[in-house]
Amino acid sequence: MKIVASDTGGAVLDEEYNPLGLIATAAVYVEKPYITAKKSIVKYGDPFDYDLSGRKAIKDEVLLAIQLARETKADVIHLDSTLGGLPLRQLDKPTIEALRISERGKRIWLELGKELQPIAKKFWEETGVEILTIGKESTIVRIAEIFAGIYSAKWGIEYAMKKGHVRIGLPRYMEVKILSDKILGKSLDPKEGGLYGELPINFDEKLNWELYPNPVARTFMVLEITSRR
Amino acid sequence: MKIVASDTGGAVLDEEYNPLGLIATAAVYVEKPYITAKKSIVKYGDPFDYDLSGRKAIKDEVLLAIQLARETKADVIHLDSTLGGLPLRQLDKPTIEALRISERGKRIWLELGKELQPIAKKFWEETGVEILTIGKESTIVRIAEIFAGIYSAKWGIEYAMKKGHVRIGLPRYMEVKILSDKILGKSLDPKEGGLYGELPINFDEKLNWELYPNPVARTFMVLEITSRR
Amino acid sequence: MKIVASDTGGAVLDEEYNPLGLIATAAVYVEKPYITAKKSIVKYGDPFDYDLSGRKAIKDEVLLAIQLARETKADVIHLDSTLGGLPLRQLDKPTIEALRISERGKRIWLELGKELQPIAKKFWEETGVEILTIGKESTIVRIAEIFAGIYSAKWGIEYAMKKGHVRIGLPRYMEVKILSDKILGKSLDPKEGGLYGELPINFDEKLNWELYPNPVARTFMVLEITSRR
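Residue numbers (this note's numbering), protein chains in the order written: chain A, 28 to 256; chain B, 28 to 256; chain C, 28 to 256.
If we strip away everything but chain A, and leave its shape as in the complex, we get:
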């Protein structure tokens, strides 16, 4: 199976380590042995002006995943939304209303469904590719989450070069290392079987970086980048 998944993650943190807004939506293309991506793409958000309802993130995830699935001719798309694993193209109003999810989740999906369900249906009719709402059960969604963290680190390097300093909250239990020629991201959960990702960069020696646990969010790491100029 050739699988595309997408996820949004990485947050700019304030001085008290609370998230302001999310940084990166990543889509990944993954083949067997399902431990890293053969290809990835990103769409950056504006963490300083962020739609906290999650609506924009979900929409970006669907559109980015479709774009990458077209390029790579993937067999199936995994979304980071847990709606019983149902295909997105089947999420019409009565189906959403029958789901066992929170009332808030229903309201969001009733609105999102109107826009995204026809897109998923059209994509499926053209390609036969399903967009499944499998959520965190998917190893591939987790790889997308790790890449969202790696892209957030890349964004942080560029931001720190301009503004001098940034504090980024990485997605859950992952670490990044900034090497001279690449960013390396790894899951900190060995139960996941060694998931990781890499992204080529040119690391500016005039930056310092530190990685340490977020004091107010156990199992989440903070990446702090500071310009030395």
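Rather than coming from a laboratory, the hints here were simulated on the basis of the structure. All clues stand as given, with none of them false.
Remember, identical chains collapse to one label, so a pair may be satisfied in a single copy or spanning two.
The list that follows gives simulated cross-link-like pairs (lysine-lysine, DSS-like), each with its CA atoms no further than 25 Å apart:
no., residue 1, residue 2
1, K65, K86
2, K233, K59
3, K83, K66
4, K59, K190
5, K213, K59
In this text the structure is predicted, and so the values were computed from the model without any measurement.
Using the hints provided, position chains B and C relative to the given structure of chain A.
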């Protein structure tokens, strides 16, 4: 304490990594320091014709555990069923009805209890050994789960020698390594404190094996075995 | 941020590995990079005559944390109680009654609040330091839990020297190593990013110690210490 536990696990997977049926029920005998089994026995199921209600697995687990506890003179048996830690011999109809478990669980246990409760009572009267419904809280049940995975790998080697190929879904967060003289199974969760198991085999060099994450079941590993003939 | 947190843990176990009572309440002072304590203090309980309702532990945790925060001039205190992250000084009767916690939790906090809320209010008025009910979400509370385990090991050494033998249940997924000059405690969960602690001791060579999984409490380790005299 000398403890026997039993568990069922390991599944044949289809092309999309969905389980068809379970492979092995294992019982283990464990002494201090409680990190592996001193003795283990197995009963194989037929993963291509499997009772998905779980009734048969539970019955096999009870009978296999009693058999091993008789041989080893264990002090207590741990079952992979979470019914408040109650002894199986006390699970009569009013007790089951008073449990805080799902209605489906009650229906299954009302039926199973009729058959298994007298067996547990008789075994306790003869030996004084309790059969406790402690479930996943037990380290020994987890060791039984790891052995169910190791026996599933052994079953998979024999199956691949006959049929050419098999894809096995191992129990949660564990890995196996197939060496020339043994199968080695290990928990991937370091929180469990280093649980593992070994089983002697003669590994046929004409087989290839791969271990990788299940793309549709995060934290579960796939063992794929292929004949090279 | 300079943070103080406190937690209670470490239990004397009986022959069947069931806890009798808790051993140590620890408070820790932690600065960036938030992986260990710069300073810690302890208050030992009497595990053989223990208040199992948890009231005494919570009270000790608050008082010990305030004491350490005064000494270290910390910015904030994290408590191992999950009451929506609310500051303890705001926990008056109507606020507690409006919380979404169990009825039992409400009864305990209505009683505790009467005593502790004025203390927290006074401390805040004097110092501006909030005492937050952040609970297990806090990395610092977890460091306090690890130190509670380390202090429990220290208590166990002294107990075994007097009484010959003791079996201690450590806090969740942590290990300790007893070296000649210190006790080293480490989280067994790599997702936490490498949390650990150290405590200087003089280890008496005439003691043996063993560390192994608790058979009836998965992911919890047992430390057994025995005198060789």
